[in-house]
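Participant: The whole structure should be built from the sequences, with the hints applied where relevant.
One letter stands for each residue in the lines below.
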Amino acid sequence: MDLCLSAHMQKGFIILQKNHFAKIAEQERVNLLISIKNVRKVYSSRQGEVKAVDRVDLEIKEGEIFGVIGYSGAGKSTLIRMLNGLEIPTEGSITVAGREVSRIKGAELRKARQEISMIFQHFNLLWSRTVADNIAFPLEIAGVPKKERDSRVKELISLVGLDGREGAYPSQLSGGQKQRVGIARALANNPKVLLCDEATSALDPQTTDSILDLLVDINERLRLTIVLITHEMHVIRKICHRVAVMEGGAIVERGPVLHVFKNPEKPVTKRFVQQVTEPEETKETIGHLLANYPRGQVIQLTFVGEGAEQPLITNLIRKFPLTVNILQGKISQTQNGSYGTLFIHLDGEEPDVTNALTFIKEQEVGVEVISHG
Amino acid sequence: MAELIPNVVWEEMWEATLETLYMSAISVVATFILGTVLGLLLFLTAKGNIWENKPINFIISAFVNIFRSIPFIILIVLLIPFTMLIMDTMIGENAALPALIIGAAPFYARMVEIGLREIDKGVIEAAKSMGAKTPTIIWKVLLPESMPALVSGITVTAIALVSYTAMAGVIGAGGLGNLAYLEGFQRSQGDVTLVATIIILIIVFTIQFIGDYITTKLDKR
Ligand SMILES: Nc1ncnc2c1ncn2[C@@H]1O[C@H](COP(=O)(O)OP(=O)(O)OP(=O)(O)O)[C@@H](O)[C@H]1O
Ligand SMILES: [Mg+2]
Numbered sequence: 001m002d003l004c005l006s007a008h009m010q011k012g013f014i015i016l017q018k019n020h021f022a023k024i025a026e027q028e029r030v031n032l033l034i035s036i037k038n039v040r041k042v043y044s045s046r047q048g049e050v051k052a053v054d055r056v057d058l059e060i061k062e063g064e065i066f067g068v069i070g071y072s073g074a075g076k077s078t079l080i081r082m083l084n085g086l087e088i089p090t091e092g093s094i095t096v097a098g099r100e101v102s103r104i105k106g107a108e109l110r111k112a113r114q115e116i117s118m119i120f121q122h123f124n125l126l127w128s129r130t131v132a133d134n135i136a137f138p139l140e141i142a143g144v145p146k147k148e149r150d151s152r153v154k155e156l157i158s159l160v161g162l163d164g165r166e167g168a169y170p171s172q173l174s175g176g177q178k179q180r181v182g183i184a185r186a187l188a189n190n191p192k193v194l195l196c197d198e199a200t201s202a203l204d205p206q207t208t209d210s211i212l213d214l215l216v217d218i219n220e221r222l223r224l225t226i227v228l229i230t231h232e233m234h235v236i237r238k239i240c241h242r243v244a245v246m247e248g249g250a251i252v253e254r255g256p257v258l259h260v261f262k263n264p265e266k267p268v269t270k271r272f273v274q275q276v277t278e279p280e281e282t283k284e285t286i287g288h289l290l291a292n293y294p295r296g297q298v299i300q301l302t303f304v305g306e307g308a309e310q311p312l313i314t315n316l317i318r319k320f321p322l323t324v325n326i327l328q329g330k331i332s333q334t335q336n337g338s339y340g341t342l343f344i345h346l347d348g349e350e351p352d353v354t355n356a357l358t359f360i361k362e363q364e365v366g367v368e369v370i371s372h373g
Numbered sequence: 374m375a376e377l378i379p380n381v382v383w384e385e386m387w388e389a390t391l392e393t394l395y396m397s398a399i400s401v402v403a404t405f406i407l408g409t410v411l412g413l414l415l416f417l418t419a420k421g422n423i424w425e426n427k428p429i430n431f432i433i434s435a436f437v438n439i440f441r442s443i444p445f446i447i448l449i450v451l452l453i454p455f456t457m458l459i460m461d462t463m464i465g466e467n468a469a470l471p472a473l474i475i476g477a478a479p480f481y482a483r484m485v486e487i488g489l490r491e492i493d494k495g496v497i498e499a500a501k502s503m504g505a506k507t508p509t510i511i512w513k514v515l516l517p518e519s520m521p522a523l524v525s526g527i528t529v530t531a532i533a534l535v536s537y538t539a540m541a542g543v544i545g546a547g548g549l550g551n552l553a554y555l556e557g558f559q560r561s562q563g564d565v566t567l568v569a570t571i572i573i574l575i576i577v578f579t580i581q582f583i584g585d586y587i588t589t590k591l592d593k594r
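Chains as they are written, first to last, in this note's numbering: chain D, 1 to 373; chain R, 374 to 594.
Accuracy of the hints is not assured; some may be wrong.
Reference listing, derived: stretches of chain R covered by chain D, where coverage requires no fewer than 3 residues with Cβ under 8 Å from a Cβ of chain D [to be verified]:
id, stretch
1, 493-503
2, 508-518
Restricting the straight-line Cα-Cα distance to at most 30 Å, the calculated cross-link-like pairs of lysine-lysine (BS3-like) are [said to hold, decoys possible]:
id, chain 1, residue 1, chain 2, residue 2
3, R, 427, D, 154
4, R, 506, R, 593
5, R, 513, D, 111
6, R, 494, D, 51
7, R, 590, D, 147
8, D, 270, D, 154
9, D, 154, R, 506
10, D, 266, D, 361
In silico negatives: residues of chain D with every beta carbon more than 12 Å from chain R [said to hold, decoys possible]:
id, residue
11, 271
12, 333
13, 357
Bear in mind the hints are in silico, worked out from the structure with no lab data behind them.
A virtual CB, placed ideally from N, CA and C, is assigned to each residue, including glycine.
Facilitator: Structural data, given as structure tokens:
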């Protein structure tokens, strides 16, 4: 059983690995789509000034899915809302698709907004309109003639998988379906960027995954740049290529998702990474398991990207006369590789166990001995 | 039948009913338009909104509050010079219209404002994020999204207007109120008052029924 599990995991690693390199190679050829330069946003209220966004510099490339993660009040919404001019920066400049959105106004800003669309945590659909009419709304705003509107709406409805529901009202839809309408509406005018403000925070985990899959699908099919903000590392892990971690209005850490997973530096980042790699119950479970294995050693392996390429467990068993039990494992797949932890129990003669540990360490796999049996 | 209500002249009763319906209908339509405009202005010029403007909001708000607070019967008297100026008479159905509209529009404007405030701010923001102009937001977001509230508000206002027409009737504007007062009360013909009352009740119930029906039909929430 343990062999079967490890083989499965390793296969997954290798497949992701290939994706990873293809993506990186692709990204090196593309242009900048969004550039945020030294941006600050200060709200002044009676209680004093609130620095919602503090000196942020950020560049987002065309075709990438960029995630911004942070706890409540970190300034994520303020930052993303400056990308379509819903908020104006106090200082600094923001350019999206060649337009300086932090400066333009009136008709020019409205025009720009048709290329920078947005989806929302609470969907923000018009309840008085049917699904089809909600999706048609941005087309009406853009002045698209009725006939074209109808055919475009049809296309979008099948793109987001809502065939047959076009006549329904939002109140008759589930949360996931509402967000699909939100996405279809956002795509109506063929935008260059899709901004997602906590787009899955009101959804259950399963629906969240289906919406995230849809976003990846759209990103790949339409080469649409996506900027999303969230407080769930799961979302970042699942679909983002790069991530920026925000705290107190500033970006404290950033980089390719896998890289950040591998070497989280700041305490906030470490906490976020733990959300997806170490489930709360891990330590407890392991504690229980330790009691079952009085002999041998329980070790924690950490795989990151390249380290996962070799069939480690198989080699271990082939090379050493040991019993290997897989106790618990969790692999997080990111858009540019995978990251995982695996708890195993090694049992055998003392020199063999030590040699095995040395062997594992040579494999670019993180090793931590949890206890001596 | 004729023995129970000996003093009722059906022709007079019918004419008075038509007068009441006429006054109510015209004033409801005018109140709907004027009240909606005022309500929209109140909403849009409020803090944090598209046309945020403190002085204008203050002025409209003051106007609405003052006219909403004056008892209708006093408003009619206060408006006599204004009515004489634009209608050239104080007698008949048309003479009642300015007071009816000026009395009811501010009342309705507040209901419109409340209805608009109930619209999710996020929906307005979504429209903005799509590049909508303010007129588009008004016509395609604010009004449709608050329509059930606007309709149930105008139902309540219309019912109030029917009773205002009766009050206006007492001071000479015609209609069922006028008939009930002059023919019924002053000549001690209780049956005339009774029949006029029943007709007014029928009008009110009909308005309520239609209003409720349209409100539920429109409300897709
Ligand atoms: N319109 C405003 N006026 C005053 N302060 C504001 C305003 N909008 C945001 N803030 C403040 O700016 C800071 C950042 O807010 P923001 O909404 O960007 O956070 P967030 O990271 O999106 O949080 P959440 O996850 O809760 O949505 C907060 O301290 C907030 O109180
Ligand atoms: Mg937010």
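Participant: So, for every hint listed, does it hold in this structure?
Facilitator: Each hint, compared with the structure:
no. : hint          : in the structure
1   : 493-503       : holds (count 9)
2   : 508-518       : holds (count 5)
3   : R:427 / D:154 : 45 Å, violated
4   : R:506 / R:593 : 25 Å, holds
5   : R:513 / D:111 : 18 Å, holds
6   : R:494 / D:51  : 23 Å, holds
7   : R:590 / D:147 : 28 Å, holds
8   : D:270 / D:154 : 44 Å, violated
9   : D:154 / R:506 : 25 Å, holds
10  : D:266 / D:361 : 26 Å, holds
11  : 271           : 29 Å, holds
12  : 333           : 32 Å, holds
13  : 357           : 55 Å, holds
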